[in-house]
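Using the hints provided, position chain B relative to the given structure of chain A.
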Amino acid sequence: MTNIFHSRILLFLLFFVPFVGHAAEDDATKPYLTLSGYMQDATSGEMLIGGTVYVRQTQSGTVSNVYGFYSLRLDKGTYDLVFSYVGYEPVSMQMHLKNDSTMNIDLQPIDMVLKEVVVKGESVIEQVKRPQMSVAKLDIKNIRQIPALMGEVDVIKALQLLPGVQATSEGGSGFSVRGGSPDQNLILLDEAVVYNPSHLMGFFSVFNNDAVKSVELYKGDIPPTYGGRLSSVVDVRMDDGNSQRLTGQGGIGTISSRLTLEGPIQKDRSSFMLAARRTYADIFLAFSRNEQIKDNTLYFYDLNGKANYIVNDRNRLFFSAYSGKDVFGNDNFGLGWGNQTFTMRWNHLFNSALFSNFSVIYSRFNYNLGVPDGQPNAFKWTAQMLDYSVKSDFTWYATANHTLKFGLLGTFHTFKPGTAEGIGSETAFNKIETPNAYALESGVYVSNEQQIGSRLSLKYGFRLSMFNNIGKGTVFNFDEQFQKIDSTVYPKGEIFKTYFNFEPRISLAYNLTEHSSLKAAYTRNAQYVHLAQNSTGGTPLDIWFASGPNVKPQLGDQFSLGYFKVFPEKKLEASVESFYKFNHNAIDFKDHAELLLNEYLDGELRFGKAWSYGLEFLLRLTEGRLNGWISYTWSRTFREIPQINNGAKYPASYDRPHDVSVVLNYNLSRRLTFGANWVYATGSPVTFPTGRFVVGSTIAPVYSDRNAYRLPDYHRLDVSVTLRGKEKPNRKWSGEWNLSLYNAYARKNPWVINFISDPDQPNVTKAEMTYLFSIVPAITYNFKF
Amino acid sequence: MKTKILFPVLFIVVLLGSWSCTEDYNVTLDDSFTRLVIDGSITTDTTTHTIRLSSSTSYFYNEMPPAVSGANVLLDDGISQVQLQENPVGSGFYSTPSDYFGVPGRTYQLQISLQEPIGSSTNYNALTSLPATTFKLDSIQLEYQSAFEFWSIKLFAWDPPTTDFYRLDASINGVLLTDTAFRTAISDDRFFNGNYTNGLSTIWLRKEEVQAGDTIELMMSAIDKNYYDFLFELQNESGFNNPLFGGPPANISSNLNDGGLGYFSARKTGRVQMIVTPELYDSLRK
Chain A
1 MTNIFHSRIL LFLLFFVPFV GHAAEDDATK PYLTLSGYMQ DATSGEMLIG
51 GTVYVRQTQS GTVSNVYGFY SLRLDKGTYD LVFSYVGYEP VSMQMHLKND
101 STMNIDLQPI DMVLKEVVVK GESVIEQVKR PQMSVAKLDI KNIRQIPALM
151 GEVDVIKALQ LLPGVQATSE GGSGFSVRGG SPDQNLILLD EAVVYNPSHL
201 MGFFSVFNND AVKSVELYKG DIPPTYGGRL SSVVDVRMDD GNSQRLTGQG
251 GIGTISSRLT LEGPIQKDRS SFMLAARRTY ADIFLAFSRN EQIKDNTLYF
301 YDLNGKANYI VNDRNRLFFS AYSGKDVFGN DNFGLGWGNQ TFTMRWNHLF
351 NSALFSNFSV IYSRFNYNLG VPDGQPNAFK WTAQMLDYSV KSDFTWYATA
401 NHTLKFGLLG TFHTFKPGTA EGIGSETAFN KIETPNAYAL ESGVYVSNEQ
451 QIGSRLSLKY GFRLSMFNNI GKGTVFNFDE QFQKIDSTVY PKGEIFKTYF
501 NFEPRISLAY NLTEHSSLKA AYTRNAQYVH LAQNSTGGTP LDIWFASGPN
551 VKPQLGDQFS LGYFKVFPEK KLEASVESFY KFNHNAIDFK DHAELLLNEY
601 LDGELRFGKA WSYGLEFLLR LTEGRLNGWI SYTWSRTFRE IPQINNGAKY
651 PASYDRPHDV SVVLNYNLSR RLTFGANWVY ATGSPVTFPT GRFVVGSTIA
701 PVYSDRNAYR LPDYHRLDVS VTLRGKEKPN RKWSGEWNLS LYNAYARKNP
751 WVINFISDPD QPNVTKAEMT YLFSIVPAIT YNFKF
Chain B
1 MKTKILFPVL FIVVLLGSWS CTEDYNVTLD DSFTRLVIDG SITTDTTTHT
51 IRLSSSTSYF YNEMPPAVSG ANVLLDDGIS QVQLQENPVG SGFYSTPSDY
101 FGVPGRTYQL QISLQEPIGS STNYNALTSL PATTFKLDSI QLEYQSAFEF
151 WSIKLFAWDP PTTDFYRLDA SINGVLLTDT AFRTAISDDR FFNGNYTNGL
201 STIWLRKEEV QAGDTIELMM SAIDKNYYDF LFELQNESGF NNPLFGGPPA
251 NISSNLNDGG LGYFSARKTG RVQMIVTPEL YDSLRK
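Line by line, the protein sequences give chains A and B.
Quick note: the first sequence uses this note's numbering, first residue 1, plus one each step.
Quick note: the second sequence uses this note's numbering, first residue 1, plus one each step.
Please keep in mind that the hints were generated in silico from the structure rather than gathered at the bench.
Label pairs and their calculated CB-CB ranges:
| no. | chain 1 | residue 1 | chain 2 | residue 2 | range |
| --- | --- | --- | --- | --- | --- |
| 1 | B | Arg190 | A | Ile485 | 12 to 22 Å |
| 2 | A | Pro762 | B | Glu116 | 21 to 31 Å |
| 3 | B | Gly239 | A | Lys431 | 24 to 34 Å |
Sample of chain B residues lacking proximity to chain A, with all beta carbon distances greater than 10 Å (derived):
| no. | residue |
| --- | --- |
| 4 | Asp77 |
| 5 | Ser91 |
| 6 | Val103 |
| 7 | Gln115 |
| 8 | Thr122 |
| 9 | Ser139 |
| 10 | Val175 |
| 11 | Asp258 |
| 12 | Lys286 |
Calculated pairs, DSSO-like style, for lysine-lysine (alpha carbon to alpha carbon, straight line, at most 27 Å):
| no. | chain 1 | residue 1 | chain 2 | residue 2 |
| --- | --- | --- | --- | --- |
| 13 | A | Lys267 | A | Lys213 |
| 14 | A | Lys472 | A | Lys380 |
| 15 | A | Lys141 | A | Lys267 |
| 16 | A | Lys431 | B | Lys154 |
| 17 | B | Lys225 | A | Lys590 |
| 18 | A | Lys431 | B | Lys136 |
| 19 | B | Lys154 | A | Lys380 |
| 20 | A | Lys484 | B | Lys225 |
| 21 | A | Lys76 | A | Lys405 |
| 22 | B | Lys225 | A | Lys431 |
Even for Gly, the Cβ is constructed at its ideal location relative to N, Cα and C.
One chain only, chain A, in its complex shape (with noise of 0.2 Å):
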């Protein structure tokens, strides 16, 4: 215990250390003046996330963060500034700046229907402008208005529409980022690590999206802020509670229902944040006709709370905490798993140049299943992920020119990956246990956003990544062809593996015209912790293990490249991105691997080599009636790994060289508004049979090459149809209903195609599609109060 507990302090020690060096900033001599504030939503107070700040004459401007905190460097003299945010009215303002000022900007929602108006979409401007990448933002406004799978509008589902991002299977939730595996994303919500984000088989992400704000995605590019996947960031931001009046919004679908509060704890200092959705599926149950089907439980919860508390100008206190289960199950077995987090933030200024937050953040995944007792067999399986971080950020705007940000993360991981045991005074069974591991990850990152002259500028920076493993260990070790010769066992405390990984960041953009630039970028992540899961649905089994003596960390290097123009006037953007991405000691895992409850699972794995490449083409419109994408995407992924196929190459699974979308919302009148999209996508590789034999009465296939077989093209349309009641000055209560039609044609897109034996003819094998939706329409009200 001693050597972790030590750990934990240093981690401490390191955590607080950046205060020393820089309370000296204060009393620098200082050639710029700082404009800095807060940009929010004036009606709810709700901060706003990328918000942008336009210098007319300096023809230059910043972002805000995500906390809502902008700050600019400037000369004395006057300025005309232009805060925009899309949705919202912008606010041009001149202003004569003679000392430091503070300036909290609020920002109207514009009404996208009856304002045709005269946005001059600085805020695109801006995106083009700044040296990032292959990020995509969407507001939760504009996720609601995609047709969804039953009704439940799903954050994860809108990003599956985004170039560049695949889904996995059919209506899952999982997904692939540039031909990544799943497990190659980072999923946080309010910076806590979210390991499965997804309810009922996948079908269902664990976002409810009333709690959601916005959504950022990096698919290349990944800020040095961000550490520990190769493939992409997901960054989910809760609400913050409004901080103006209590106000309520909820809503009762075909499968679930939902509500969320949120209102002043103290009007303009605190405010609260609380939702809860459920599903009912198991109501439907009980009318089937299939009595395998009728006495069973099923659904899944989500609860989400955020509170936060304005101190003082400098200080800014975010409590977060979600909790969502599944819960499946009848006399015979149950099946539960589920995540949970919560995140405590501190926001502190130093002074209106650096800015800073703190964090602690814990996060749980876990699962249990069994046989309950008294029935044959009872048993009880249960695994387990648990985190327990600490983080510092620092954004320190140091001059007009250059803007700093540095940090610290460090994560204890605690990895349980499975024990299983009989139950009941009767059992047979014994307890078979895999050893827990433990494990630090830690990283410092720095990193510069530089502007050269007006046209040029760069972001450089790097991350230094560390990871540990810490006994109590149980390591087992192989030899040449993965037989097990025994096994090492380290005592508590002990660190018994090491690895750093350098990972440099760099990105630039050049603008051709005022509305037009190229940006370029490479990066290097490192992935520590890795997915047991060799199937491409969300199965809640997950089975996380850390990388160590016999796995060494995957890295990938990453180069993009890519063209960017915006039409203001149009409010239309446009853009060209081409990525080569590398990954070294990619995982994949042997013939017939088993993953579960196996203590030898390093043995199971296979090493290699992975890579991608893709062209991604897409055209946004941002405002006005009629508002959506469309994105083409051409892209190949390739693995190669000696032990599999022979060492040739082979397809990866989400290797989908063609990709459309085409996603649409218009709003015809304020009443009502019509959404649709369409993805197509070439079918998923797959490995079929080319030949057979015969043992006893089974018919058995001898494989082709693996994936050397495709499966039909995949597409789909979804449309919806939102019809709002009638506006009135004094009724608080805002309603609407939402029709939508999954998969609107019906194509039969299939889910698995499987072979087997003809059970009315026994020499006769066929292939057999399954298909899993149909038109699958829903009705779903929406309240506002």
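Quick look at chain B alone, frame taken from chain A:
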């Protein structure tokens, strides 16, 4: 205990079944080259033991597999050798004399020389060991699972403290029910090593398969790890797949050398019977 993990899996498949639809699918498949296939086992029973030689075919061949006939098949247990006779001639079935029995602890090698090469070889061999596991069968009981409308055969047996692997087969009134890989039960002893199995559910029978008055026999065979792996892979690859569970399709291992397919196994067997009297049948169905 793999069968246990399958249990929730089956349930989820049933559940998804309420959302999913299945239909026949037309696909053109390439043909892989023809290989020799072996199927058969040596047991500790004193009887005629039969080995079948056939060849692999294209996937939609849709006929009995072509017999590999006229081969010279020699069985060697390390001490003595016995020549297997093709019977009937032309069938591809090769048999030992009727007084032959396997001896626990011995290693068996089958040497095959073909009249005409399959693949690039005319000579093949397969090696297997007959476990000396000292399991002790006590009895079986029957239980009716009304929720799933299935019977389960509950096993009462002693497992020795060694690492063991088992195959379980059931027959009713002398007719083998576990005639396909998917219905045969296999188990390692991780969950009950060294214990009395105390009513472990093993084989599942459909409601209508058991009638009052039936005699149910359970055959328990100790097998070696490689054969267990083969059966596990065979079950995985010849049943239904779904993307939620199980990894990508992969070829089934074999102990026939030179790219051969199938398995030549050796089993130490034990048997136990029960009679489903009308009184017992009625009380179980309650």
